[in-house]
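K.L.:
Here the protein sequences come in this chain order: A and R.
For the first sequence, this note's numbering gives the first residue as 1, with consecutive numbering after it.
For the second sequence, this note's numbering gives the first residue as 1, with consecutive numbering after it.
Hints are supplied without guarantee of correctness; some may be wrong.
[Unchecked claim] Listed below are the simulated DSBU-like cross-link pairs for lysine-lysine, each with C-alpha atoms no more than 35 Å apart in a straight line: (1) K157/R / K3/A; (2) K30/A / K211/R; (3) K25/R / K17/A; (4) K19/A / K8/R; (5) K60/A / K100/R; (6) K19/A / K211/R; (7) K17/A / K201/R; (8) K19/A / K9/R; (9) K63/A / K9/R; (10) K9/R / K46/A; (11) K190/R / K140/R; (12) K3/A / K211/R; (13) K195/R / K3/A; (14) K46/A / K157/R; (15) K8/R / K7/A; (16) K17/A / K211/R; (17) K46/A / K25/R; (18) K60/A / K8/R; (19) K190/R / K157/R; (20) K140/R / K63/A; (21) K7/A / K25/R; (22) K201/R / K46/A; (23) K140/R / K211/R; (24) K168/R / K60/A; (25) K8/R / K17/A; (26) K168/R / K3/A; (27) K63/A / K157/R; (28) K157/R / K168/R; (29) K157/R / K201/R; (30) K100/R / K211/R; (31) K30/A / K63/A.
Simulated from the structure, these hints should not be mistaken for laboratory data.
These are the residues of each chain, in order.
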Amino acid sequence: MLKPAEKAYFQALAALKDKDYETAAEQFEKAAPFFEQNEEFGILRKTTRLLVAVTEELRKLEKEESLNIEESFSHG
Amino acid sequence: MSHPESLKKLQQTLESFLERAVGQKEQRLSVLEDINRLDNIARNELGDTTGEAVGEWFARHNQQLEQGDLRPGDIDRIGRILHEIKDGFNRNAGSPEGRKIASEIDRWEEAAQRSRRSVTLKRGPESKKPEDDSISLFGKTLARASGLFLEMSAGRKHLLSVLGESLKSAEIQKNREALLLSAFIIYYLKSGGYKVEPYVKRLREAERLQKEASSYA
Chain A
1 MLKPAEKAYF
11 QALAALKDKD
21 YETAAEQFEK
31 AAPFFEQNEE
41 FGILRKTTRL
51 LVAVTEELRK
61 LEKEESLNIE
71 ESFSHG
Chain R
1 MSHPESLKKL
11 QQTLESFLER
21 AVGQKEQRLS
31 VLEDINRLDN
41 IARNELGDTT
51 GEAVGEWFAR
61 HNQQLEQGDL
71 RPGDIDRIGR
81 ILHEIKDGFN
91 RNAGSPEGRK
101 IASEIDRWEE
111 AAQRSRRSVT
121 LKRGPESKKP
131 EDDSISLFGK
141 TLARASGLFL
151 EMSAGRKHLL
161 SVLGESLKSA
171 EIQKNREALL
181 LSAFIIYYLK
191 SGGYKVEPYV
201 KRLREAERLQ
211 KEASSYA
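Turn these sequences into a full structure, and let the hints guide you.
P.N.:
Laid out in structure tokens, this is it:
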């Protein structure tokens with residue numbers, strides 16, 4: 001059977017194809033101890049991790065903005 | 001540009017980069033998905049329908065090997081998975097379906113060996129391309145053996161376990177690069193004072209098996 005790291009790498013690539021970046025990032029982390037010397041793996045892993053972080057930051061900002069709007073309305 | 005706008009722009013750039021990276025690897029991804037599917041079958045995630053699932057997998061993917069869409073590492077991975085599926089069927093020997101699948105797996109392994117040999121012949125001395133001289137061929141072999149070493153050493157703590165894995169691949173998969181890698185590791189260990197006789201015996205046996213397999217060509 002495939003080694004767990006190989007399977008994680010395959011699943012990360014499949015998740016990238018489906019644009020499921022959070023799953024891809026999780027699977028890349030599982031595969032990392034075994035593939036981190038692979039240059040292509042490193043680029044895909046870091047890019048995906050950065051994308052997930054940026055998306056999360058944007059989500060937070062949108063939440064804050066919506067809270068501010070609600071407060072403005074509640075205080076007239 | 002505001003902070004959210006900068007982040008949005010960065011998000012789009014990263015997504016676009018990943019989409020293009022995946023797009024360029026479409027064919028490769030399809031091969032990896034197929035290997036992953038076969039691995040799921042081997043893990044019996046499909047329950048009692050394993051035989052049927054393997055049959056369907058063969059029906060869809062036998063062509064890949066003949067068309068040369070598979071890398072040596074893929075052939076090794078598929079060979080490893082099929083070997084385990086066959087072992088599973090052998091443990092529950094007797095069913096006609098099991099025998100049929102086991103014989104299909106045997107045929108695939110033979111085809112995989114032929115495919116390896118045809119790659120060797122394509123790159124042989126009869127080619128007149130300047131890059132196919134002995135130095136270039138050795139360089140390519142060394143690079144493949146080095147890639148194999150990186151793959152096999154991942155997560156392992158001692159060179160001896162890498163050697164064990166490499167010898168196993170040379171014996172079972174008849175992998176020529178694994179045979180050369182094993183010989184290199186054995187010589188390295190010998191020069192460091194390790195007792196390598198049992199490994200030398202396995203190397204000779206693997207070499208004999210590979211020669212025997214070549215003689216069927």
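K.L.:
All the hints need checking, so say for each whether the structure fits it.
P.N.:
Here's how the hints hold up against the structure:
1. K157/R / K3/A: Judged against 35 Å, a Cα distance of about 16 Å means the pair holds.
2. K30/A / K211/R: violated (39 Å)
3. K25/R / K17/A: holds (10 Å)
4. K19/A / K8/R: holds (17 Å)
5. K60/A / K100/R: violated (57 Å)
6. K19/A / K211/R: violated (47 Å)
7. K17/A / K201/R: Violated: K17/A and K201/R sit about 46 Å apart, past 35 Å.
8. K19/A / K9/R: holds (17 Å)
9. K63/A / K9/R: holds (19 Å)
10. K9/R / K46/A: holds (18 Å)
11. K190/R / K140/R: holds (25 Å)
12. K3/A / K211/R: Holds, at roughly 29 Å.
13. K195/R / K3/A: holds (29 Å)
14. K46/A / K157/R: Holds, at about 26 Å.
15. K8/R / K7/A: Given that 35 Å is the threshold and the Cα spacing comes to 32 Å, the pair holds.
16. K17/A / K211/R: violated (42 Å)
17. K46/A / K25/R: Holds, at about 18 Å.
18. K60/A / K8/R: holds (13 Å)
19. K190/R / K157/R: holds (19 Å)
20. K140/R / K63/A: violated (54 Å)
21. K7/A / K25/R: holds (17 Å)
22. K201/R / K46/A: Roughly 44 Å separates the two Cα atoms, so the pair is violated.
23. K140/R / K211/R: holds (21 Å)
24. K168/R / K60/A: violated (51 Å)
25. K8/R / K17/A: Measuring from Cα to Cα gives roughly 21 Å; hence the hint holds.
26. K168/R / K3/A: holds (15 Å)
27. K63/A / K157/R: Not satisfied, since the Cα-Cα distance of roughly 47 Å exceeds 35 Å.
28. K157/R / K168/R: holds (18 Å)
29. K157/R / K201/R: holds (23 Å)
30. K100/R / K211/R: Since the Cα atoms of K100/R and K211/R sit roughly 28 Å apart, the hinted pair holds (cutoff 35 Å).
31. K30/A / K63/A: With Cα atoms ~30 Å apart, K30/A and K63/A stay inside 35 Å; holds.
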